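Engineer: Same order as they appear, the protein sequences are chains G and W. Following full-length UniProt numbering, the numbering of the first sequence begins with 1 at its first residue and continues without gaps. Following full-length UniProt numbering, the numbering of the second sequence begins with 1 at its first residue and continues without gaps.
FYI, nobody ran anything at the bench for these hints, they're computed from the structure. A few of these clues could be false.
Claimed, not checked - Calculated lysine-lysine pairs in the DSS-like style (CA-CA distance at most 25 angstroms, straight line):
| no. | chain 1 | residue 1 | chain 2 | residue 2 |
| --- | --- | --- | --- | --- |
| 1 | W | Lys-198 | W | Lys-182 |
| 2 | G | Lys-181 | G | Lys-115 |
| 3 | G | Lys-180 | G | Lys-156 |
| 4 | W | Lys-150 | G | Lys-107 |
| 5 | G | Lys-181 | G | Lys-30 |
| 6 | W | Lys-59 | W | Lys-153 |
| 7 | G | Lys-156 | G | Lys-115 |
| 8 | G | Lys-114 | W | Lys-150 |
| 9 | W | Lys-150 | G | Lys-104 |
| 10 | G | Lys-104 | W | Lys-153 |
What the hints assert, rightly or not - Here are some chain W residues pointing at chain G (derived, C-beta under 10 angstroms):
| no. | residue |
| --- | --- |
| 11 | Thr-136 |
| 12 | Leu-137 |
| 13 | Asn-140 |
| 14 | Glu-151 |
| 15 | Lys-153 |
To be verified - Residues of chain W placed beyond 12 angstroms of chain G at every Cβ, according to the derived structure:
| no. | residue |
| --- | --- |
| 16 | Arg-20 |
| 17 | Leu-22 |
| 18 | Met-65 |
| 19 | Leu-69 |
| 20 | Leu-96 |
| 21 | Leu-194 |
| 22 | Phe-214 |
| 23 | Ala-220 |
Owing to the predicted nature of the structure, the values given are computational and were not obtained by experimental measurement. Heads up, the beta-carbon is just placed ideally off N, CA and C, and yes, glycines get one too.
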Amino acid sequence: MNLYELNNVTRTHGDRTVLNIDSLSIIPGKIYSLIGPNGAGKTSLLKLLSFLDVPTGGTINFMGRPVVFSDRNLYSFRRDVVLLDQNPIMFSGSVWSNIEFGLKVRKVSSAARKKRIEEVLELVGMERFAHYEAQGLSGGETKRVALARALVLEPKVLLCDEPTANVDNENQEIILEIIKKVNRVDDRSIIFSTHYLSQWQRLADHTLLLQNGALSDLVNENIFKVTVTGRSAGEMICQFSGQTYMSLPSHLLPDGVVRAKIHVDPFRVACLFDAENPGDGNILTGHIVELSQQSGNVRLLVDAGIKLGVYLVMAKYHHLRPGIGDRVRLHIPHEAVTFTYR
Amino acid sequence: MDLLFDSVSSAFILLLSFDRELLEIVLVSLNVSFAATIIASVIGIPSGFLIAHSTFAGKRIVLTMLNTLLALPTVVIGLLVYSFVSRRAILGPLDLLYTQKAIVIGQVILIIPVITTLTIAAISRLDQRYRMTALTLGANRVQMAVVIMKEAKYGICAAVIAAFGRVIAEVGISMMLGGNVKGFTRTMTTAMALEYDKGEFVLAVALGITLMTFALVINALFHFFQGRTHSESV
Chain G
1 MNLYELNNVT RTHGDRTVLN IDSLSIIPGK IYSLIGPNGA GKTSLLKLLS FLDVPTGGTI
61 NFMGRPVVFS DRNLYSFRRD VVLLDQNPIM FSGSVWSNIE FGLKVRKVSS AARKKRIEEV
121 LELVGMERFA HYEAQGLSGG ETKRVALARA LVLEPKVLLC DEPTANVDNE NQEIILEIIK
181 KVNRVDDRSI IFSTHYLSQW QRLADHTLLL QNGALSDLVN ENIFKVTVTG RSAGEMICQF
241 SGQTYMSLPS HLLPDGVVRA KIHVDPFRVA CLFDAENPGD GNILTGHIVE LSQQSGNVRL
301 LVDAGIKLGV YLVMAKYHHL RPGIGDRVRL HIPHEAVTFT YR
Chain W
1 MDLLFDSVSS AFILLLSFDR ELLEIVLVSL NVSFAATIIA SVIGIPSGFL IAHSTFAGKR
61 IVLTMLNTLL ALPTVVIGLL VYSFVSRRAI LGPLDLLYTQ KAIVIGQVIL IIPVITTLTI
121 AAISRLDQRY RMTALTLGAN RVQMAVVIMK EAKYGICAAV IAAFGRVIAE VGISMMLGGN
181 VKGFTRTMTT AMALEYDKGE FVLAVALGIT LMTFALVINA LFHFFQGRTH SESV
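Just chain W, with the same shape it has in the complex:
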């Protein structure tokens, strides 16, 4: 009990003193998570829109595959990307292994299915009359797509936030592809794992508190947007 109390109180002191090492770790985490979320959104949102709006043979199979990919373990992605970026692999000359870029690549693979499936859900839930109304008022396909995106914006925002929540809390990819290099690829989760291994809990608990605070903010945002989505589909 004393251990927990001591760790938490020391962690708060560390947080309030804006410890440089802690800030550095948080910044690395935010950096890779934002980059991964932005790239995955650029790919996932249009893909989700196209899949939701087109009818093609094998659409069900694509949806099943995407849903299966939601459960993809981070260590599997870590292994997969490692096999491409390790020194002797096909992308070895690019020197990506143990860089933030490698983490970003892995995380993008992790959350593309999240953003795509949630975008599909948000657009499929939307009233068909939006599409019909845009078309009858003279919109072309692109203008119609803009209308759909606009009306589904809360659902799509919720998809992006859920994806961000997934990457900021993952550890497998960051550890395997980032290598936990201090000041470069040490993220909140990998740092916590390391501190735990060392038996030093103060930094780990401080990072845990920071991570939980992020999780709280992300969840609050997610529920806010989800709520808006439900009221918009009524």
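Here chain G stands alone, though its shape is the one from the complex:
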């Protein structure tokens, strides 16, 4: 039985459609990552999946049960699902009382509460903060306590909105390990949203790509194998298969890593049709080999030694009218590039 079944689900705010999902099935016990550019509808989808928002149209089934969007019904569904906010907020009071909140509303006995809170504090490594004022914690600590506050409820599904946003590297690693553990050990389903293909991507069993509110099947677009052929003065040269090179800041990959996978965010690549000089980043030149329409954008596939997918907004496409075979320069800013490596 699928965890979630969504059919023709839409969500609109006034005239604007923020979500439009034809069909989506989510299998229990897996980790899903939800990627897409800003405003793609990631948070809106997570709010629907956590039953904190109501779709404008369509149906959602949760664990085989159709979701009726009434107050009382949603309340019972919410007991199985917890959403970890992008910037979690702590209630006033101690860390302990924050974690205790969800158990108290579930009328868990005080002895059981104590045991579970102690366990979860240990899991997130925040034991010594138990009696600290929760609103005085740092960003990373707040996120860990929020994670503990969610996990203590032993939900069937943990939804995380940008779990590593505004968190330092050390806390990112900790959160990553905890999420991996609760999935592997407790078999909990996890769905998290993230901006880019990052180290988080390694974690996911499935990846969902959202573009303009719709699911896209272009998840694996723009992922290439690269070899680092040289490093000097903060720069490194990455060779793609064939004779395509990019010069990138060397801090993107640790010293000693030679082979890696690179992802180029298709939404951050700019097409230059004239001689403008865009500044930092790499410029590749190639020919358009494919044109197609994708949820309100025009997708160009450009052969520049590697085949790169890039997007133009419809207005710009109408202005420039590029055609198959046209020569185009692609500007790839450093921010468009992320690495994965083992």
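We have chain G already, so just place chain W on it with the hints.
Structural biologist: Relative to chain G, chain W alone:
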């Protein structure tokens, strides 16, 4: 100048000697003001919460009405309540006129808009994530409301204190509905007005000092809670 100096010095002597008449007046004032504030809070805080948290047609009109009622003159309320509680009026048989109860009724009408609008402001200012977090952690609507109230507690306290400040210093309602009956409905403000009419300033000044002391304490409390509200919304 001599008049002022003499009055102030005599007033201090009166205050320090714990004059019985003065204490009686202060007690009546505190009595009606506390009663009015408690009743208005019981009505105003939940109303403010409901208005802040629901979306309904005409919400803007309700908010505009409430804001307009903030400027309601006390004499208008006095007249209104009088028309209900005077001997020949609909509530005449209850014998409410010139009692502390009548003052309380008038004062409750005066400060319900104050408490309601300030509660709405305190709750609207609160971060939406509190509500979402409570819901996702499994709270029902009542439990969520408790969380919101708890997080907005300083703002709500400030609303109650502001309302108390308004009633303890008002004179119109107390005079028109209480009648300034010595020992029963004579409040600090009505007593001051009477003493002024008589040209005897000592008791008036002593009461003025007491009232200003209350005002100072109330304002200090109000600013303390307001300060907490701002730091909580950061």
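Engineer: For every hint, state whether the structure bears it out.
Structural biologist: Results of checking the hints against the structure:
no., hint, verdict
1, W:Lys-198 x W:Lys-182, "15 angstroms, holds"
2, G:Lys-181 x G:Lys-115, "19 angstroms, holds"
3, G:Lys-180 x G:Lys-156, "15 angstroms, holds"
4, W:Lys-150 x G:Lys-107, "20 angstroms, holds"
5, G:Lys-181 x G:Lys-30, "12 angstroms, holds"
6, W:Lys-59 x W:Lys-153, "23 angstroms, holds"
7, G:Lys-156 x G:Lys-115, "20 angstroms, holds"
8, G:Lys-114 x W:Lys-150, "23 angstroms, holds"
9, W:Lys-150 x G:Lys-104, "16 angstroms, holds"
10, G:Lys-104 x W:Lys-153, "21 angstroms, holds"
11, Thr-136, "5 angstroms, holds"
12, Leu-137, "4 angstroms, holds"
13, Asn-140, "6 angstroms, holds"
14, Glu-151, "6 angstroms, holds"
15, Lys-153, "8 angstroms, holds"
16, Arg-20, "45 angstroms, holds"
17, Leu-22, "42 angstroms, holds"
18, Met-65, "27 angstroms, holds"
19, Leu-69, "31 angstroms, holds"
20, Leu-96, "42 angstroms, holds"
21, Leu-194, "47 angstroms, holds"
22, Phe-214, "29 angstroms, holds"
23, Ala-220, "22 angstroms, holds"
In this structure, none of the earlier numbered hints is contradicted; all agree with it.
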